[in-house]
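Participant: Residue numbers (our numbering), protein chains in the order written: chain A, 1 to 263; chain B, 1 to 330; chain C, 1 to 269.
Please keep in mind that the hints were generated in silico from the structure rather than gathered at the bench.
Mixed in with the good hints, there may be bad ones.
Stated by the list, open to error - In silico contact screen, one side only, chain B against chain C (beta carbon under 7 Å); selected entries:
| id | residue |
| --- | --- |
| 1 | Leu75 |
| 2 | Leu76 |
| 3 | Arg95 |
| 4 | Ala99 |
| 5 | Arg108 |
| 6 | Asp114 |
| 7 | Ile127 |
Claimed, not checked - Here are the simulated SDA-like pairs of lysine to any residue, each with C-alpha atoms no more than 20 Å apart in a straight line:
| id | chain 1 | residue 1 | chain 2 | residue 2 |
| --- | --- | --- | --- | --- |
| 8 | C | Lys146 | C | Arg86 |
| 9 | B | Lys234 | C | Thr267 |
| 10 | A | Lys95 | A | Ala241 |
| 11 | A | Lys202 | C | Val42 |
| 12 | C | Lys228 | C | Glu141 |
| 13 | A | Lys95 | A | Arg257 |
| 14 | B | Lys245 | B | Val39 |
| 15 | B | Lys194 | B | Asp218 |
| 16 | B | Lys134 | C | Arg103 |
| 17 | C | Lys228 | A | Arg257 |
| 18 | A | Lys202 | C | Leu244 |
| 19 | A | Lys95 | A | Leu234 |
| 20 | B | Lys234 | B | Asn61 |
| 21 | B | Lys12 | B | Trp91 |
| 22 | C | Lys228 | A | Ala42 |
| 23 | B | Lys12 | C | Ser266 |
| 24 | B | Lys12 | C | His263 |
| 25 | B | Lys194 | B | Arg164 |
| 26 | B | Lys194 | B | Gln163 |
| 27 | A | Lys202 | A | Ala50 |
| 28 | B | Lys12 | C | Thr267 |
| 29 | B | Lys12 | C | Gln265 |
| 30 | B | Lys134 | B | Asn205 |
| 31 | A | Lys9 | A | Leu149 |
In this text the structure is predicted, and so the values were computed from the model without any measurement.
Just so you know, even glycine gets a beta-carbon here, dropped at the ideal spot from N, CA and C.
Each chain, written out:
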Amino acid sequence: MRTFFELVKLSARRQFTYRAAAFAGLATNVFFGLLRAAVMVALYGERGEAAGISLQAAITYTGISQAVIAFLDLFGWWQVIQSVYSGQISGDLLKPMDYFRFWMAQDLGRALVNLAGRGVLIMLFYAAVFDIVLPGQPGQWLGLLAALLLAWMVSFAWRFLVNLTAFWVPNAVGIGRLGYSLSWLMSGFLMPLRFYPEWFQKLCNLTPFPHMINTIVEVYLGLLSGPEMMAALLHQALWAAALTSACYLVLRAGVRRLVILGG
Amino acid sequence: MRRMPIVVRELKKTYQVALQRRGALGALRSLVNRKTRLVRAVDGISFEIAPGELVGYLGPNGAGKSTTLKILTGLLVPTSGEVQVGEFVPWRQRRSYVAHIGAVFGQRTSLWWDLPVIESLELLQHIYDVAPGKFRHNLDEFRKLLDLDAFVDTPVRSLSLGQRMRADLCAALLHEPPVLFLDEPTIGLDVVAKERIRQFIRHINQQRGVSVVLTTHDLSDVQKLCQRVMIIDKGRLLFDGQLSKLQERFGGRRQVVVDFGERYEAVQVEGAEVTQHEGQRATFEFEQGTISASELIGRISARYRIQDLQVREPDIEATIRRIYEQRLLG
Amino acid sequence: MGRIFGLYRRLVAIRIRAQMQDRSSFLLETLSTVLVSGVTFVTLALVIQRFEGIGGWSLGEIAFLYGLVEVSFGLMDMIFSGFDPRDFGNRVRLGTFDQMLLRPVDITLQVFSSEFIVRRLGRIAQGAVVLAVGLHLVEIEWTAAKVLYLPLVMLGQIAFFGSLFIIGSTITFWTVESIEVINIFTYGGAEMMSYPMHIYPDWLRRFFTYLLPAIFLNYYPALYFLNKPDPFGAPGWAAFLSPLVGAGMLALSLAIWRVGIWHYQSTGT
Chain A
1 MRTFFELVKL SARRQFTYRA AAFAGLATNV FFGLLRAAVM VALYGERGEA AGISLQAAIT
61 YTGISQAVIA FLDLFGWWQV IQSVYSGQIS GDLLKPMDYF RFWMAQDLGR ALVNLAGRGV
121 LIMLFYAAVF DIVLPGQPGQ WLGLLAALLL AWMVSFAWRF LVNLTAFWVP NAVGIGRLGY
181 SLSWLMSGFL MPLRFYPEWF QKLCNLTPFP HMINTIVEVY LGLLSGPEMM AALLHQALWA
241 AALTSACYLV LRAGVRRLVI LGG
Chain B
1 MRRMPIVVRE LKKTYQVALQ RRGALGALRS LVNRKTRLVR AVDGISFEIA PGELVGYLGP
61 NGAGKSTTLK ILTGLLVPTS GEVQVGEFVP WRQRRSYVAH IGAVFGQRTS LWWDLPVIES
121 LELLQHIYDV APGKFRHNLD EFRKLLDLDA FVDTPVRSLS LGQRMRADLC AALLHEPPVL
181 FLDEPTIGLD VVAKERIRQF IRHINQQRGV SVVLTTHDLS DVQKLCQRVM IIDKGRLLFD
241 GQLSKLQERF GGRRQVVVDF GERYEAVQVE GAEVTQHEGQ RATFEFEQGT ISASELIGRI
301 SARYRIQDLQ VREPDIEATI RRIYEQRLLG
Chain C
1 MGRIFGLYRR LVAIRIRAQM QDRSSFLLET LSTVLVSGVT FVTLALVIQR FEGIGGWSLG
61 EIAFLYGLVE VSFGLMDMIF SGFDPRDFGN RVRLGTFDQM LLRPVDITLQ VFSSEFIVRR
121 LGRIAQGAVV LAVGLHLVEI EWTAAKVLYL PLVMLGQIAF FGSLFIIGST ITFWTVESIE
181 VINIFTYGGA EMMSYPMHIY PDWLRRFFTY LLPAIFLNYY PALYFLNKPD PFGAPGWAAF
241 LSPLVGAGML ALSLAIWRVG IWHYQSTGT
């Protein structure tokens with residue numbers, strides 16, 4: 001466990017070397033956020049509310065969805081793929097630390113810095129420019145923290161799983177793009193899932209993707225009653241556990257294959 | 001073939017190097033108010049190279065070798081000074097100029113990473129507009145000399161470093177340039193691969209009369225290839241002349257290492273200096289030309305009982321290190 | 001001229017062949033692009049339908065604008081692959097750009113033909129479908145002028161987006177690191193231009209009118225094709241500036257590019 005936290009710290013510190021990129025990313029997130037907020041306003045038109053979401057909440061949503069991108073790193077994490085192809089993995093597997101946890105620790109460090117840095121800055125910017133919604137009761141804040149942590153776990157396990165295809169195919173990046181595009185579409189990153197027709201929402205809810213962004217949004221905006229929130233968090237936790245188990249199973253098979261083929 | 005002498009006069013290149021500030025705030029401040037430092041990469045260099053010469057350009061890392069070469073190949077514009085290669089000023093007429101030179105930058109390839117070698121070479125034929133007959137003829141010759149056949153159909157990314165260098169040399173010469181610039185052509189290669197590259201460079205220099213300027217920090221490259229050597233450090237030319245002259249002037253001290261038959265308290269011989277004396281072994285150093293080795297050995301044996309001895313020639317590496325360290329020519 | 005065109009064709013053909021070496025991954029990536037961008041629009045359409053349009057524009061009208069911009073951007077993204085700012089910084093750093101300077105062929109032509117990413121066809125195909133759906137839904141009153149002008153609008157957009165790529169790559173001569181900020185103008189610009197410009201706050205729209213004249217490339221031509229009134233009261237010829245603005249931006253970007261090369265050669269990063 002100590003190694004785990006050391007790795008988290010190390011990776012968090014490493015984030016500070018990418019300052020220029022972080023500023024650029026922040027600017028990009030803010031720009032896209034403003035763009036989406038404008039689209040939202042135009043969509044609502046004369047309406048004050050749609051699908052139980054007020055215009056004010058919808059604008060806040062555009063901020064939240066941009067604020068969590070860097071935190072969840074949903075659309076382009078290829079590190080395990082690169083490590084498998086470069087052979088770096090053989091060395092990492094020899095380390096006295098579980099391979100999944102090895103990456104999880106590093107991703108956690110990266111995620112926390114991006115949440116505290118980019119995420120919070122974006123929301124502060126939104127608070128300055130728009131009249132945004134804030135979670136009310138302490139229970140909602142606690143729920144939000146849990147939702148964020150669980151969302152990161154679901155996202156990490158999914159990304160790790162996608163990366164593991166590199167053990168079997170020579171161009172896992174292609175598969176990865178497909179995998180990431182599913183989270184792009186079904187996580188509620190483009191629009192709050194409540195805006196979609198019933199059947200599409202149902203379809204999404206059969207997958208882990210809504211638990212990456214949509215759950216955070218619903219908890220933050222207070223769209224769920226107390227018991228509903230608990231159910232959503234439980235659902236999220238179940239997916240985190242399921243995907244993590246899948247990671248371990250697939251990883252074991254992959255490592256066995258690597259050993260047989262001799263890297 | 002065109003004759004393209006190289007003339008360099010008072011060449012200078014200075015860079016502004018931005019100083020990094022620390023911390024997030026520092027990064028922001030750097031954006032607004034950049035602090036810079038002036039670096040003199042090349043600081044007033046002059047030389048001439050006649051057609052057909054093979055010149056080694058030697059110096060430690062960061063001495064200004066690559067900067068000079070980048071200026072000579074037209075990649076970089078100097079701060080001041082003149083360069084004339086044949087009728088060209090490299091950076092002013094870059095596009096027409098580069099058609100008449102060959103250049104290989106050791107760590108980078110001019111070939112297409114994901115293409116088989118032969119396709120890269122054929123593409124270069126079109127880029128340099130080489131007549132098909134001339135192209136065939138040159139390709140056939142280089143294929144033999146560089147032994148390319150084993151890997152012409154292999155993508156460049158799968159070549160070993162030595163193979164890649166051979167392919168790059170071939171690529172640099174297909175359009176028959178009268179001048180060839182090589183930046184560290186043997187870097188990272190094993191002894192056999194180095195020797196093969198050197199043989200080829202010697203061949204195109206002697207048989208085709210191509211002028212070659214090569215930078216290196218491997219002294220055996222210089223010893224085995226170059227009649228003339230230029231030494232640069234901190235942007236200044238420290239030496240320009242025959243390799244043998246360098247030895248004479250700066251590496252002049254030869255050594256005789258003697259193992260005595262018994263222990264002596266102090267040893268001393270006229271005409272040589274004892275630089276080391278430990279147990280029964282002593283090292284005598286003497287200036288070349290003042291006394292011959294046999295004469296010195298005679299004097300030693302007249303005074304002491306010798307059991308064994310060896311004569312050491314001056315070490316060029318040590319010579320050059322001394323030049324750098326003591327700035328003998330500064 | 002013939003030699004230049006021949007060389008261009010040869011260099012691009014090489015790039016295409018390299019991508020086809022691994023056919024399965026090529027198909028997979030193209031397919032995933034089609035799927036993603038296709039489904040992106042479908043989900044957007046579902047939302048638009050629920051809200052009965054955006055800013056007074058119907059789903060069909062939005063689809064027309066969106067499809068047009070997607071096709072142009074996709075085409076540009078393929079044709080100008082060599083100038084993609086995300087890769088260009090790497091090439092400078094790895095010395096590939098130096099190697100190009102060592103060849104006796106115009107440097108702009110070399111960079112232009114140094115990459116040609118075929119999987120962008122996925123996005124183009126998707127855009128074409130959306131455009132077709134849009135055309136089907138809105139029933140434009142076609143005139144000869146409109147038929148002739150549509151491809152010109154696309155050319156203008158391609159030139160416009162291409163100029164952003166060129167400027168983005170030029171900036172990397174100064175920053176070395178490829179900088180993400182340029183994404184705001186390229187990808188952000190494309191996304192923004194997919195919606196009618198009157199929905200944006202004034203300062204943003206003014207920026208994209210006077211500083212970066214994007215509004216003449218998508219919005220005014222779209223108003224003309226769709227016979228919609230202009231809420232800003234610009235003169236009628238504003239709709240016909242697309243090819244002009246595109247060509248002007250391209251020329252400007254190439255001039256900046258020249259300055260960038262000059263800077264690069266005098267500092268040598």
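Participant: None of the hints should be skipped; say for each whether it holds.
Facilitator: Hints and how they fare:
no.	hint	in the structure
1	Leu75	5 Å, holds
2	Leu76	5 Å, holds
3	Arg95	5 Å, holds
4	Ala99	4 Å, holds
5	Arg108	4 Å, holds
6	Asp114	5 Å, holds
7	Ile127	5 Å, holds
8	Lys146/C / Arg86/C	36 Å, violated
9	Lys234/B / Thr267/C	18 Å, holds
10	Lys95/A / Ala241/A	24 Å, violated
11	Lys202/A / Val42/C	16 Å, holds
12	Lys228/C / Glu141/C	12 Å, holds
13	Lys95/A / Arg257/A	19 Å, holds
14	Lys245/B / Val39/B	32 Å, violated
15	Lys194/B / Asp218/B	10 Å, holds
16	Lys134/B / Arg103/C	19 Å, holds
17	Lys228/C / Arg257/A	62 Å, violated
18	Lys202/A / Leu244/C	48 Å, violated
19	Lys95/A / Leu234/A	34 Å, violated
20	Lys234/B / Asn61/B	10 Å, holds
21	Lys12/B / Trp91/B	14 Å, holds
22	Lys228/C / Ala42/A	17 Å, holds
23	Lys12/B / Ser266/C	12 Å, holds
24	Lys12/B / His263/C	17 Å, holds
25	Lys194/B / Arg164/B	12 Å, holds
26	Lys194/B / Gln163/B	11 Å, holds
27	Lys202/A / Ala50/A	19 Å, holds
28	Lys12/B / Thr267/C	13 Å, holds
29	Lys12/B / Gln265/C	14 Å, holds
30	Lys134/B / Asn205/B	19 Å, holds
31	Lys9/A / Leu149/A	17 Å, holds
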